[in-house]
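Given chain A, work out where chains B, C and D should sit, using these hints.
Number of protein chains: 4
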Amino acid sequence: MTWTLDGRTLTSRFLLGSAGYPSPAVLQAAVQASGAQVVTVGLRRTHAAAGDNGFVAALRETLAATGGHLLPNTAGCRTAMEAIILAHMARELFDTRWIKLEVVGDDYTLQPDPWELVAAAEQLVKDGFEVFPYCTDDLVTCRRLLDAGCQVLMPWGAPIGSGQGLLNPFALRTLRERLPGVPLIVDAGIGAPSHAAQAMELGLDGVLLNSAVAQAGDPVRMAAAFGQAIAAGRLGFEAGVMARQDMAVASTPVDGRPFLIP
Amino acid sequence: MTWTLDGRTLTSRFLLGSAGYPSPAVLQAAVQASGAQVVTVGLRRTHAAAGDNGFVAALRETLAATGGHLLPNTAGCRTAMEAIILAHMARELFDTRWIKLEVVGDDYTLQPDPWELVAAAEQLVKDGFEVFPYCTDDLVTCRRLLDAGCQVLMPWGAPIGSGQGLLNPFALRTLRERLPGVPLIVDAGIGAPSHAAQAMELGLDGVLLNSAVAQAGDPVRMAAAFGQAIAAGRLGFEAGVMARQDMAVASTPVDGRPFLIP
Amino acid sequence: MTWTLDGRTLTSRFLLGSAGYPSPAVLQAAVQASGAQVVTVGLRRTHAAAGDNGFVAALRETLAATGGHLLPNTAGCRTAMEAIILAHMARELFDTRWIKLEVVGDDYTLQPDPWELVAAAEQLVKDGFEVFPYCTDDLVTCRRLLDAGCQVLMPWGAPIGSGQGLLNPFALRTLRERLPGVPLIVDAGIGAPSHAAQAMELGLDGVLLNSAVAQAGDPVRMAAAFGQAIAAGRLGFEAGVMARQDMAVASTPVDGRPFLIP
Amino acid sequence: MTWTLDGRTLTSRFLLGSAGYPSPAVLQAAVQASGAQVVTVGLRRTHAAAGDNGFVAALRETLAATGGHLLPNTAGCRTAMEAIILAHMARELFDTRWIKLEVVGDDYTLQPDPWELVAAAEQLVKDGFEVFPYCTDDLVTCRRLLDAGCQVLMPWGAPIGSGQGLLNPFALRTLRERLPGVPLIVDAGIGAPSHAAQAMELGLDGVLLNSAVAQAGDPVRMAAAFGQAIAAGRLGFEAGVMARQDMAVASTPVDGRPFLIP
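Residue numbers (this note's numbering), protein chains in the order written: chain A, 1 to 262; chain B, 1 to 262; chain C, 1 to 262; chain D, 1 to 262.
Just chain A, with the same shape it has in the complex (with noise of 0.2 Å):
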């Protein structure tokens, strides 16, 4: 039931982001439920320049005490050219090569823009990064993050904040079929628990979140509910959900009479 990123086994498949909790402490404890053993973090934060009010020194003592990973990432961004410089930056101040790789085409949906992303992977793999790209579902764009040299993928299941869910099951389906063996997880746009499951259950690798916890009514308790949702959905995936039928199939054949219990 472990998995491997880029050489590290972990035994949970849900990242989650830090950014929005209502404080340090809901954040901390929220971690620690959630069982998340990789928690992003930017660099970029509102009043950053005031400080970060303790979000980052928290998250180290909870990672610290849970063997957790940092992953950093590029949010805000809007050019190759800047990520590449947050990525350095990251790197320094968190001390990790894992980056994960944002590059914001629309102001509207958030969206990843496919050229700077691939632009600034190809560079920052040259550079010693091991990059997770936030990318859209679209496979071509996929197969070039790979060719950049990219060793997981992370797709949007839709825009970031917006808890619609998966909005092209399908297009996902694609990718996992089409590119088997490489780590898929799902980044943005979920929801709910049964969102996460469903992504789960179409074969892919992990969920990546935020929002769905820090703007929960209680976000420590849905950490502990997607938790638990996206264990779940992985363990229907590999036990083999069934198929789909047009019609009902009795699940008690009848054709006896009632049987007396010995």
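Everything labelled a hint here was simulated from the structure, so no lab data went into it.
None of the values given here were measured: they were computed from a predicted structure.
Ranges between beta-carbon positions, derived for each pair:
{"#": "1", "chain 1": "B", "residue 1": "Ala243", "chain 2": "A", "residue 2": "Arg178", "range": "32 to 38 Å"}
{"#": "2", "chain 1": "A", "residue 1": "Arg244", "chain 2": "C", "residue 2": "Leu179", "range": "22 to 28 Å"}
{"#": "3", "chain 1": "B", "residue 1": "Gly240", "chain 2": "A", "residue 2": "Asp147", "range": "41 to 47 Å"}
Rough simulated footprint, nothing fancy, chain A against chain D, three-plus residues with beta-carbon under 8 Å:
{"#": "4", "stretch": "111-119"}
{"#": "5", "stretch": "131-139"}
{"#": "6", "stretch": "166-172"}
Heads up, the beta-carbon is just placed ideally off N, CA and C, and yes, glycines get one too.
Using the frame of chain A, we list chains B, C and D on its own:
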């Protein structure tokens, strides 16, 4: 996190059917893995005249060990009269006043017959049964069943054994809003763990299924998957699922510059 | 391309409601633009005590010109008895044995009450009416209505006025397959022309709607749009919609070289 | 109700493909029944080396009679270079600067390759072509195509020949909102008239399809069905589709008593 069904306190919201498993041993292992504390059993079974090959004994043994409850059903009945007679037989055989009332109105959909169902429920309540009616998702029919004295409702998600998931979430949501306080258990049609989680996120109280576990590649692991997914969906409901947004909302708002970690 | 409803030959499969239009003139123009040959009219209307502001006269005038038929309805009734009385009044007032039978069972969904509906239908058929029952999409209830002597069924697509489209296409498809030869008219819930076309592609016989036209920005053009969409959906059904494929199939197979045009 | 495509005024918003018809006569009849004023034609066709069995001649004859326009396509190309060469051949053969640019990036989905597509579009615009790019529904890619000089975009609804309808209506709606004024024509994946109407209701400008007509039981009637559905969807869009309501809203408000007809 516990809930109450006819005065019995339960920790699991998963109700499992016992038909169609490869062997009694697999059934036992699946019940244990599921965490289900209520297991349904049919009186009319294939080859029933020739005995049940040890399934019921296996079931009794498992439930004795886990403290679970048997819920006999009237699968295969087509009239109120048939169902009433079978219910009385079940009470004798299984020594319980609980009865899952199934009165099928169509061979193709195996859907409940609202008229026969209400008629049977009225009689069985008078006869002292605790009736769990397998019903459609129709609000007026559900109210009739409550008027007849049912204290739990089991609306379908989709035709039995179809694995299609929730065909009409709107109808289930309507039942939840219009019948607050009534235990609602989705029964039939669930195919994947994500379907079960979705039902729980709608605020329903439990999920009953059979084929999705019995027909899985690995029924025991699938039983565990559903157990987790149902718990996850409930937890998500209680934690408050975020509202869907029509567009992207940055989870990592950006209006400062990269900050330095102290 | 014509079809028959209670012995009358019709060319249009669109049945239009007459409530909620901005003015009698708009209603007249909408009926004409729609091509509808059957128009429903309610007896109980807002401000009815104060007269109907000329709507019914406008309607009669339009139908006289187009040779269309009035279909009085019992909108607003909650019991069989109320509906029966209103139906008899309607027969006197409108001089027709046709009645669209509505018996509402819930204030929130305005859904039909299957029990009251069947009871009313039984009586009205005995009284010589041609009953068009507004019913749910439940197969067993539909069979009861046929047993009661109804020759047409009008299952809902979604709650009245919701514009949600077909909430449960599976149920409608089931009705079509299980009730061959029975005229099936989707009534209520249609919001957009594409919803109406979808209903026709399922093999249903007609579409009745009101709010989607009356509440449109431009009711007259919307009436025309629905008229075309319903005709298009029917034509598509008759022409045989292609089967869905799980993957791409080249429409332009390529195995030669570019050819020269002679 | 007319619209303009590259300066030519058109009354129909239906663009039809010409591949896969049973015979030239059926193709001719289908084009006529469709009302389409733009018909695509591939250069690389099955058995092309052996001639095209009269299809292109039939097409030219039909378009000459209806005043329609030929839109040659580069179906089957896998690189920008291939497509550029084929486009130049097409200009010679068909005597038109219009080219539907297809550069396929995957054998399974037959999806566009965004990179090769943009590269080919840039060159062809420089070479004086009016490029109609068959593209994905990705906003950033669409903007690149506009930057390259395309004045029309043809995003897919689903993989070619799949008949699945609009797999991601959200993405198409986003294109519409973010690219106001740009003619958007859904190309590929449409299976039923209702799918085409839905695309038009989203505010897109046209629909291009082939398999749904060519593979229908009766291609000629299906061509007519799509022609009507597309016109209906557009008319519905212009008339203003009602907003969806979460619950029922009486179309026939009732607060008086039955009124008497004067």
